Amino acid sequence: KQEVTQIPAALSVPEGENLVLNCSFTDSAIYNLQWFRQDPGKGLTSLLLIQSSQREQTSGRLNASLDKSSGRSTLYIAASQPGDSATYLCAVIGSARQLTFGSGTQLTVLP
Amino acid sequence: DAGVIQSPRHEVTEMGQEVTLRCKPISGHDYLFWYRQTMMRGLELLIYFNNNVPIDDSGMPEDRFSAKMPNASFSTLKIQPSEPRDSAVYFCASSLGRGEGNEQFFGPGTRLTVL
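Keeping their order, the protein sequence lines are chains A and B. Using the working numbering, the first residue of the first sequence is number 311, and each one after it goes up by one. Using the working numbering, the first residue of the second sequence is number 64, and each one after it goes up by one.
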């Protein structure tokens with residue numbers, strides 16, 4: 311059974327810092343990996359989707375990498391802003407198209 | 064496109080009552096997923112459909128839960144009878160299954176409180 315772990319569970323940084331969120335998964339036979347953002351009391355917003363054949367994806371200040379062989383992904387956020395404060399969730403998609411989620415990293419960017 | 068639409072956004076009911084949650088997927092998407100989010104268990108897949116057919120309902124907690132997808136633009140998740148432990152946020156998501164994309168798009172969720 312696929313298990314997804316995210317470290318750290320919570321992170322607090324001053325504005326302007328670059329930061330890395332980590333995600334690991336136990337079964338490397340994944341189809342894709344998706345990073346989401348969730349604001350308090352809100353739904354999930356898709357940030358980046360990395361296909362299994364790719365090693366990274368970039369969108370603005372966000373960069374996500376994928377290393378299938380080691381079962382790891384990282385989300386890099388450059389020049390963090392208070393508006394980046396949210397919970398970031400990593401999810402892997404197996405061949406059955408089911409998303410298995412990590413428990414998330416709660417990010418607080420202090421002004 | 065309006066994205067995935069869910070209703071109601073909030074539902075408060077008493078134990079034993081029937082609850083029906085509704086979802087309209089993104090037009091053209093052929094996969095629809097129902098998830099539940101709680102503090103204790105995080106996000107869990109309950110059931111998913113492909114072309115209106117239920118494919119995997121192994122995540123449905125018990126027989127009190129049922130889901131239907133009568134057509135490509137509508138799905139319901141029903142709880143009967145509801146219990147306090149069913150209190151959670153229920154999300155619907157959809158995706159386009161063809162190709163390598165498979166990116167899932169989530170609705171805003173329904174926050175259910177069972178008293």
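No lab work stands behind these hints: they were computed from the structure. Nothing here was measured: the structure is a model prediction, and the numbers come from that model. Be aware that a few hints might be false.
[What the hints assert, rightly or not] 30 Å max Cα-Cα, derived DSSO-like pairs, lysine-lysine:
no., chain 1, residue 1, chain 2, residue 2
1, B, Lys-141, A, Lys-352
2, B, Lys-131, A, Lys-378
3, A, Lys-378, B, Lys-87
4, B, Lys-131, B, Lys-141
5, B, Lys-141, A, Lys-311
6, B, Lys-87, B, Lys-141
7, B, Lys-141, A, Lys-378
8, A, Lys-311, A, Lys-378
9, A, Lys-311, A, Lys-352
[Unchecked claim] Here chain B is said to cover these stretches of chain A; the calculated rule only asks that three of the stretch's residues, wherever they fall, bring their Cβ under 8 Å from a Cβ of chain B:
no., region
10, 339-345
11, 349-355
12, 409-421
Note that beta-carbon positions come from the ideal geometry of N, C-alpha and C, so glycine has one too.
Cross-check of the supplied hints:
{"no.": "1", "hint": "B:Lys-141 <-> A:Lys-352", "in the structure": "holds (22 Å)"}
{"no.": "2", "hint": "B:Lys-131 <-> A:Lys-378", "in the structure": "violated (35 Å)"}
{"no.": "3", "hint": "A:Lys-378 <-> B:Lys-87", "in the structure": "violated (34 Å)"}
{"no.": "4", "hint": "B:Lys-131 <-> B:Lys-141", "in the structure": "holds (8 Å)"}
{"no.": "5", "hint": "B:Lys-141 <-> A:Lys-311", "in the structure": "holds (27 Å)"}
{"no.": "6", "hint": "B:Lys-87 <-> B:Lys-141", "in the structure": "holds (15 Å)"}
{"no.": "7", "hint": "B:Lys-141 <-> A:Lys-378", "in the structure": "violated (38 Å)"}
{"no.": "8", "hint": "A:Lys-311 <-> A:Lys-378", "in the structure": "holds (16 Å)"}
{"no.": "9", "hint": "A:Lys-311 <-> A:Lys-352", "in the structure": "holds (28 Å)"}
{"no.": "10", "hint": "339-345", "in the structure": "holds (count 3)"}
{"no.": "11", "hint": "349-355", "in the structure": "holds (count 5)"}
{"no.": "12", "hint": "409-421", "in the structure": "holds (count 6)"}
The structure fails to meet hints 2, 3, 7 from the earlier list, while all remaining hints are met.
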